[in-house]
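S.K.: Put chain U on the given structure of chain E with help from the hints.
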Amino acid sequence: MNLKHQENEIELVVPLLPDIELMATRTVSAIAEYMSFETDKIEDLKLALIEACINAFEHSKAKDNKLYLKFIMQENRLTVIIKDNGLGFDSGYLENSEIVRKKRPENKRGWGLMLIKNLMDEVHIESNSGGTTLIMTKIK
Amino acid sequence: MEKEVAETFDVKVIRKENYAIIRTEGYVNNLGGEKISEEVDRLISERISKFILNFEKSNIVNSIGISILIEVIEKLVDIGGKIYFCNLTKTISKTFFIMGLTQYAEIFATEEEAEKSIVV
Numbered sequence: 000m001n002l003k004h005q006e007n008e009i010e011l012v013v014p015l016l017p018d019i020e021l022m023a024t025r026t027v028s029a030i031a032e033y034m035s036f037e038t039d040k041i042e043d044l045k046l047a048l049i050e051a052c053i054n055a056f057e058h059s060k061a062k063d064n065k066l067y068l069k070f071i072m073q074e075n076r077l078t079v080i081i082k083d084n085g086l087g088f089d090s091g092y093l094e095n096s097e098i099v100r101k102k103r104p105e106n107k108r109g110w111g112l113m114l115i116k117n118l119m120d121e122v123h124i125e126s127n128s129g130g131t132t133l134i135m136t137k138i139k
Numbered sequence: 000m001e002k003e004v005a006e007t008f009d010v011k012v013i014r015k016e017n018y019a020i021i022r023t024e025g026y027v028n029n030l031g032g033e034k035i036s037e038e039v040d041r042l043i044s045e046r047i048s049k050f051i052l053n054f055e056k057s058n059i060v061n062s063i064g065i066s067i068l069i070e071v072i073e074k075l076v077d078i079g080g081k082i083y084f085c086n087l088t089k090t091i092s093k094t095f096f097i098m099g100l101t102q103y104a105e106i107f108a109t110e111e112e113a114e115k116s117i118v119v
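Protein chains in written order, with numbering that gives the first Met the number 0: chain E, 0 to 139; chain U, 0 to 119.
Hints are not guaranteed to be accurate.
Unchecked claim - The calculated lysine to aspartate or glutamate pairs, modelled on EDC-like cross-linking and capped at a C-alpha distance of 20 angstroms, are:
hint, chain 1, residue 1, chain 2, residue 2
1, U, K89, E, D63
2, U, K11, U, E33
3, E, K40, U, E55
4, U, K34, E, D18
5, U, K56, E, D39
6, U, K74, U, E45
7, U, K49, U, E73
8, U, K93, U, E45
9, U, K49, U, E38
10, U, K89, U, E105
11, U, K89, E, E37
12, U, K89, E, D39
13, U, K34, U, E70
14, U, K56, E, D18
15, U, K56, U, E33
16, U, K93, E, E57
17, U, K93, E, E37
18, U, K93, E, E74
19, E, K69, E, E121
No lab work stands behind these hints, which were simulated from the structure alone. In this text, all values refer to a predicted model and were calculated from it rather than measured experimentally.
In isolation and in its complexed conformation, chain E is listed as follows (with noise of 0.2 angstroms):
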């Protein structure tokens, strides 16, 4: 990542408190609007960080009860990076789409990452006994 990417990152930390995500959505719609991406689009980063957000709410079990932000900010992109310090998963658990069924409490975490992956053009996550990152991406 080069310096000029750097300068064009917004980084937001954030407790773990009912609807947060809300507030979250709020920012990245603020940032998708000043990046001009068509509102459609600004709804579909919207959901997907939502999904992100309780996720690790949800599971990440982070002792500080703090989720980490990042939004990049590049020309025809925005990425943004959402991480916990909690105790992590099997991301492999979560690529198996007949194991990821619909509805069951255990399994929302399986819903939401196959949300987030059909909203966003590009998404990766990397997740161990330190933590999870969720990198995800979404094109003009």
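M.R.: Using the frame of chain E, we list chain U on its own:
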């Protein structure tokens, strides 16, 4: 802080002869989904089995809220009922398709179009 961020969710029910319109307002999360489910249960007990869900004032949802809607749809399928959604954003329509709601529920652009479909 919590009160500033948390969104309220409300429903307005318009009861017709053999169906009901439920107009939602706010974030369809777990609480919003449960509120819709409770209203549907109440109306089922009054022998209503067809519902129009108007999301004109609900442009934000999450997968937990939608999962609850799937349970509502399954319940209605069991009793021969149906849900008709209207005024969805493109993103919500897309999400409903991904999560399989469109297999058992219809989507209309407007409440009027949904009503016409029920009446016919």
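S.K.: Next, verify each hint and record whether it holds.
M.R.: Checked hints:
1. U:K89 <-> E:D63: 36 angstroms, violated
2. U:K11 <-> U:E33: Holds, at about 14 angstroms.
3. E:K40 <-> U:E55: 19 angstroms, holds
4. U:K34 <-> E:D18: Distance ~16 angstroms between K34 (chain U) and D18 (chain E) Cα, so the pair holds.
5. U:K56 <-> E:D39: Holds, at about 16 angstroms.
6. U:K74 <-> U:E45: 15 angstroms, holds
7. U:K49 <-> U:E73: OK: K49 (chain U) and E73 (chain U) at ~13 angstroms, within 20 angstroms.
8. U:K93 <-> U:E45: 32 angstroms, violated
9. U:K49 <-> U:E38: Holds, at about 12 angstroms.
10. U:K89 <-> U:E105: 14 angstroms, holds
11. U:K89 <-> E:E37: The hint holds at about 12 angstroms.
12. U:K89 <-> E:D39: Distance ~7 angstroms between K89 (chain U) and D39 (chain E) Cα, so the pair holds.
13. U:K34 <-> U:E70: 13 angstroms, holds
14. U:K56 <-> E:D18: 17 angstroms, holds
15. U:K56 <-> U:E33: 17 angstroms, holds
16. U:K93 <-> E:E57: 24 angstroms, violated
17. U:K93 <-> E:E37: 16 angstroms, holds
18. U:K93 <-> E:E74: 26 angstroms, violated
19. E:K69 <-> E:E121: At roughly 16 angstroms apart (the allowed maximum being 20 angstroms), E121 (chain E) and K69 (chain E) satisfy the hint.
When the structure is compared with the earlier hints, violations turn up for hints 1, 8, 16 and 18 and for no others.
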